[in-house]
Amino acid sequence: MRINKISKLTAVAGLALLGSFSTASAATVLCPGALNANLTRQIEVTGALAGGECYYKEGNFQGDNFTTWLGSTYSLIEKDIAPNGQTTGNLNYGGSTAGTWAMASNFWNTYSEAFVAFHFGGGRGTPDSFIVELNPTTLSGSWALLPTNLANGLSNIYLIGRGRCTTECGDDTDVPEPGTLALLGLGLAGLAASRRRAR
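In this note's numbering, the protein residues as written are 801 to 999.
Treat the hints as calculated values from the structure; they're not laboratory data. Any given hint might turn out to be false.
Each pair of labels, with its calculated beta carbon distance range [to be verified]: (1) N836 / R924: 11 to 21 angstroms; (2) A898 / L839: 18 to 28 angstroms; (3) N838 / N860: 14 to 24 angstroms; (4) S905 / N836: 34 to 44 angstroms; (5) G963 / G922: 19 to 29 angstroms; (6) G922 / T966: 34 to 44 angstroms; (7) T828 / S905: 20 to 30 angstroms.
Using N, Cα and C, we set each Cβ at its ideal position, and we do this for glycine too.
Could you put together the complete structure from these sequences and hints?
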């Protein structure tokens, strides 16, 4: 079994306001973002984190793979065996080679990071297992294994949490630091003073 190195998802993130305010950006991403001669398949996920983490491999998720990639602080929230589907619980999903995913509305009250992992059975291409980081303000999206002519059905799907929520989890706007506010205030005061002198 070959395990590939970590890839970063390639997606366009939003502009930062004044270089000081950052926002989490939901996007449609491909994991892996670029294919080489040994990689013939990707998974496309909407509601993923723009610029977030992407892990992929050949073979099922077994042993300590989640620990190897996500560290010892991850929590396996739910594992579902397809094609049974799931309509209640922390992770709801549907589809065989393309479908939807959704999380419980209170998920982000507990975890600050989330990942959805997919394993496709039956061979016929590599990679066939993917882990995609989700946007922390998104509760649902869609997924598709590409290209479809090399696709086999979904075998297992997992919801993984990492990091504990603080008071701002699930909020897509970061509160500016006091130093940033002070600098902004000084700049406005200087502008006001210069206008007074001009008069």
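Consistency of the hints with the structure:
The hinted range of 11 to 21 angstroms is satisfied by N836 and R924, whose Cβ atoms lie roughly 19 angstroms apart. In this structure the hint that A898 and L839 lie 18 to 28 angstroms apart at CB holds, the actual value being about 19 angstroms. Judged by the Cβ atoms, the range 14 to 24 angstroms given for N838 and N860 holds: they are separated by roughly 19 angstroms. As the Cβ distance of S905 to N836 is approximately 39 angstroms, the hint placing it in 34 to 44 angstroms holds.
Evaluation of the 19 to 29 angstroms hint for G963 and G922 yields a failure: the beta carbon distance comes to about 34 angstroms. As the Cβ distance of G922 to T966 is approximately 42 angstroms, the hint placing it in 34 to 44 angstroms holds. One distance hint, 20 to 30 angstroms for the beta-carbon pair T828 and S905, holds here, with the actual separation near 22 angstroms.
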